[in-house]
Structure formats: C-alpha cells, structure tokens
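Enquirer: Residue numbers (the working numbering), protein chains in the order written: chain A, 3 to 132; chain B, 49 to 161.
By construction, these hints were calculated from the structure, which means they are not laboratory data.
Think of the CB as a built atom: it goes at the ideal place given N, C-alpha and C, for glycine as much as any other residue.
Be a bit skeptical, because a hint or two may be false.
Said to hold, decoys possible - Reference listing, derived: stretches of chain A covered by chain B, where coverage requires no fewer than 3 residues with Cβ under 8 Å from a Cβ of chain B:
hint : stretch
1    : 59 to 70
2    : 97 to 111
3    : 115 to 126
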Amino acid sequence: MSRKPFVRPVSKTGWWLKHPRYMRYMSREVTCIPIGAFALLMVCALERLSKGQAAYDAFIAAIQGPLSVLGLIIVLVFALHNATSWFNVTPKALPVQMGEEFLAGKYIIGAHYAVWIVASLIVLFFAGVL
Amino acid sequence: MAKSNKPIFWSLFAAGGTLAAFLAPVLALLFLLTALGHPPALLTYANLHAFASHWMGKIFLLGVITLFLWHAAHRLRVTVHDFGLRQDGLVAIVVYLIAAVGTALSALYLIRI
C-alpha cells in the first residue's frame, strides 16, 4: 500500500462547474425548484378559489405585474427544459423491442413530442386561449 | 430481505416528471398570460370554480399539483446533496413533509369547493 495515496481534491459544492456535462446535469436537476414553486403557487390558487370570488379575484390581481412575469418566465423556461430533457431520454427509459431489433429512438422521442404538442393545444383550447 | 421506501418516492418522481413534462409548460403559460394582464377564460373565478366543482376537475387538479410536488421534492432532495449539503435524512424529511402538506391542503381546498 502506498504511503502517500493520491487523493484527487473534489469540491463538494462546485464539482459540477468542472465540466459542461456536469453543468447540463445540474441544469436538469434544478428545474425542480421552479416547478415545485409553481406547484405551491397552484396550491395557493386553490386556497383562494375555495375562499370565494373576492379572495380569488384578489389573488389574480396580486399575481399581475413585472415580478410575476419574470418569475413565470423562469418557470416556463425551466418547465420547457424539463420537458425536452425528459422526452429526449425516453428511448433509454422506454426502449421498444420489435423482434430482434429495437425501435429507433427518434420514433419514441417523436411520439412523445407529438403527444406533448397535442396535449398543450388541448389545454390552450380548453382554457379559452385558442 | 432489506426493505426500502425508495421505489415509492422514485415512482412518484418519475410520474410527476412525466406529467410535468407534458403539462407544466402550458400551465405556466396560462399563469404567465394572467401575470401579463390577460387571464385565460379558464382562470376566471366562475369558470375555474365550475371546473373544480366537478369530480373529474378535482381529480385532475389534485393529480397535477400533488405529482408536481412529489416530483420536485424528490429531485430537490438529490439536488441538495449534489450541491454539497450532506444531510440526506433531514433534507428528505423536510422536502417530503412539504409535499405531503401540499397534498393534504390541496385535497382539503378541493373538498371545500
């Protein structure tokens, strides 16, 4: 056994800055913060909704303004990043075997994007935006 | 055989991540339009109240909100570890507790509507 074992110093907090791949990993992981905050905002919306029209209308008025716009743009960007990164690994998570071969990843990813677009359009239509 | 509760939290993470992938961007867009002063028709009191009054609307809202919460909670637990905070037991309790309280409150508010 070596008397002077080499221990490569690795920063506990900053290791992910060392390589673009680590940074991409972290960029996917931190999407949970805006998504979680958005879920809590929806819990607040339900609370206001259950308290009646005056409370709910005050909530809708309160979430208007530049700070809310900025916050929700952040939520939207991170939600899009979660969506694309989630769908792009579906061939690994849900491989489809056909006989001896595996279905090409582009079809599995493409199917997810297609469902995503249709689902989003349905929500926009149902919400009265389209 | 050693038992682990990991499959429960991981399956909630995976289900929530999938649901968030499909629905979080468009739902965030609805709220962004509201913040910009153009609330979609669904987010007016009368329409959202009618939607949340129906049992299918309640199930949809509870499913979306709670799965988003459990997804975010589990991923945040791992992310906090990755940022160098090595207190996994405590972090797990905090994040899952927030998700559990959010779930219970959402159910309570939906029952009251």
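Enquirer: Could you run down the list of hints and mark each one as holding or not?
Expert: Do the hints match the structure? See the list:
{"no.": "1", "hint": "59 to 70", "in the structure": "holds (count 6)"}
{"no.": "2", "hint": "97 to 111", "in the structure": "violated (count 0)"}
{"no.": "3", "hint": "115 to 126", "in the structure": "holds (count 6)"}
In terms of the numbered hints stated before, the structure departs from hint 2 and from no other.
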